Amino acid sequence: MTASLLAITDLYCERDDRVLFENLSLQLNQGQIVHLVGKNGSGKTSLLRILSGLYHSYEGSVKYLGQDISHVRNEYNKALLYIAHNVSVKGALTVRENLDWYSKIQPQLDSDMIQDAITSVGLNDFDDVLCHHLSAGQKRRVNLARLYMLPVSAFENSLWILDEPYTAIDVEGVASLENHLQGYVSEGGAVILTTHQFMHRTEAVVKINLDELGT
Amino acid sequence: MLLSFRRRSELLNPLLFFMMVAALFPLGVSPAADFLSQLAPGVLWVCALLASLLSLDSLFKADYEDGTLEQLLLSCESTYMIALAKAVAHWLTTGLPLALLAPLLAVMLFLPTQAIPTLVVTLLVGTPTLSLIGAIASALTVGLKKGGVLISLLVIPLYIPVLIFGASAVHGASQGLPVVAYIAILGAMLALSLVLAPFAIAAALRVSVSS
Chain A
0 MTASLLAITD
10 LYCERDDRVL
20 FENLSLQLNQ
30 GQIVHLVGKN
40 GSGKTSLLRI
50 LSGLYHSYEG
60 SVKYLGQDIS
70 HVRNEYNKAL
80 LYIAHNVSVK
90 GALTVRENLD
100 WYSKIQPQLD
110 SDMIQDAITS
120 VGLNDFDDVL
130 CHHLSAGQKR
140 RVNLARLYML
150 PVSAFENSLW
160 ILDEPYTAID
170 VEGVASLENH
180 LQGYVSEGGA
190 VILTTHQFMH
200 RTEAVVKINL
210 DELGT
Chain B
0 MLLSFRRRSE
10 LLNPLLFFMM
20 VAALFPLGVS
30 PAADFLSQLA
40 PGVLWVCALL
50 ASLLSLDSLF
60 KADYEDGTLE
70 QLLLSCESTY
80 MIALAKAVAH
90 WLTTGLPLAL
100 LAPLLAVMLF
110 LPTQAIPTLV
120 VTLLVGTPTL
130 SLIGAIASAL
140 TVGLKKGGVL
150 ISLLVIPLYI
160 PVLIFGASAV
170 HGASQGLPVV
180 AYIAILGAML
190 ALSLVLAPFA
200 IAAALRVSVS
210 S
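Which chain is which? The protein sequence lines are A and B, in order. Under numbering that gives the first Met the number 0, the residues of the first sequence are numbered 0 to 214, in order. Under numbering that gives the first Met the number 0, the residues of the second sequence are numbered 0 to 210, in order.
Next up, chain A with everything else stripped away, as it sits in the complex:
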């Protein structure tokens, strides 16, 4: 039997003496999208940070292909793209420079795909503009452009963790991203995301409500 791409078992997390979630178990397999829902403060971002390996104050286990993520850190980081709630772009660098920097620190991203990625997120006319001159939505698009820099050959066993990816994105951008997510999971990738928006186009979505798992 092959191990799940991501297996979460009996996860327990509390912050400021408040249990965010307990007994949380789920398995994420290739081709799946898990959509976390819940009220503000229900622990969605904390869960995503745990799954990305950034937050360590929890009990339970998170396994990637059957191995604890802390034991296969390098392998896991190569498979992971984490889009955080903040924009994660350098204002003093241009759009192209930001993506070039990302392709250097995340070798799974293909630097030859930077131009295509810029086109895909609709920033063709801004590729040499410093990011602090861009609007919030455009900065978010720069961050999302990383999702378009992963070659199809690297989709299998890869995982995207997306924290509110649609924030500040217009309707057209949301539709384009949903199509891209659908294409990605159909080629063997997996996504776990939070969004307060209704997802129109994506199929194979598993919804998990964190409001039911905390106290």
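No false leads were mixed into what you were given.
Derived SDA-like pairs: lysine to any residue, alpha-carbon spacing no greater than 25 Å straight-line:
# : chain 1 : residue 1 : chain 2 : residue 2
1 : A       : K103      : B       : I81
2 : B       : K60       : B       : L10
3 : A       : K77       : B       : R205
4 : A       : K77       : A       : L53
Computed footprint of chain B on chain A; a stretch qualifies when at least three of its residues, placed anywhere within it, have a C-beta under 8 Å from a C-beta of chain B:
# : region
5 : 51 to 59
6 : 66 to 80
7 : 86 to 92
8 : 95 to 106
Everything labelled a hint here was simulated from the structure, so no lab data went into it. Since this is a predicted model, take the numbers as computed values, not measurements. For every residue, glycine included, the Cβ atom is placed at its ideal position computed from N, Cα and C.
Position chain B against the provided structure of chain A, taking the given hints into account.
Frame of chain A, contents of chain B only:
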């Protein structure tokens, strides 16, 4: 490095501070050449130390606030190398310019000419240690709103040995005494901090990002 050059004010702040304090010192105490030449080694070293300290608060702050620090920690690069690279970049943009600027201020403070090469060498060997030690405190306090004060409290006791040996070497050189031992001790401190500090910086960054 590119980011530092794009944010010129951050790059120039420590240098201006170094120049201004060293230039104000003769006005505050005495412009007498004999008096200043006695104090110059200590004054220049203290100014360099404080100028280096000044830029520590922003070492990881911008990366932390814009989220790129998280992305760095999730990259395939080793955290040790990331920490070392950040400390080296801090030294290249702060310690190295201070060492290169120091001879000008040394002349202004009447430091004997034969001590100027020693001043430059001790700053070149000592300031990387300051950057490495300072980066540990900067990484520990990056998540705090007012971490600047805490950085000073954490770092200054650890800076004192570097200050003592750096200033003593320059003082010795101005008296015509041998200074190799002082420089060797500064070199040993640098070697030790070069090997160990990146581990501490990396661990501190992980703790700060995780909290």
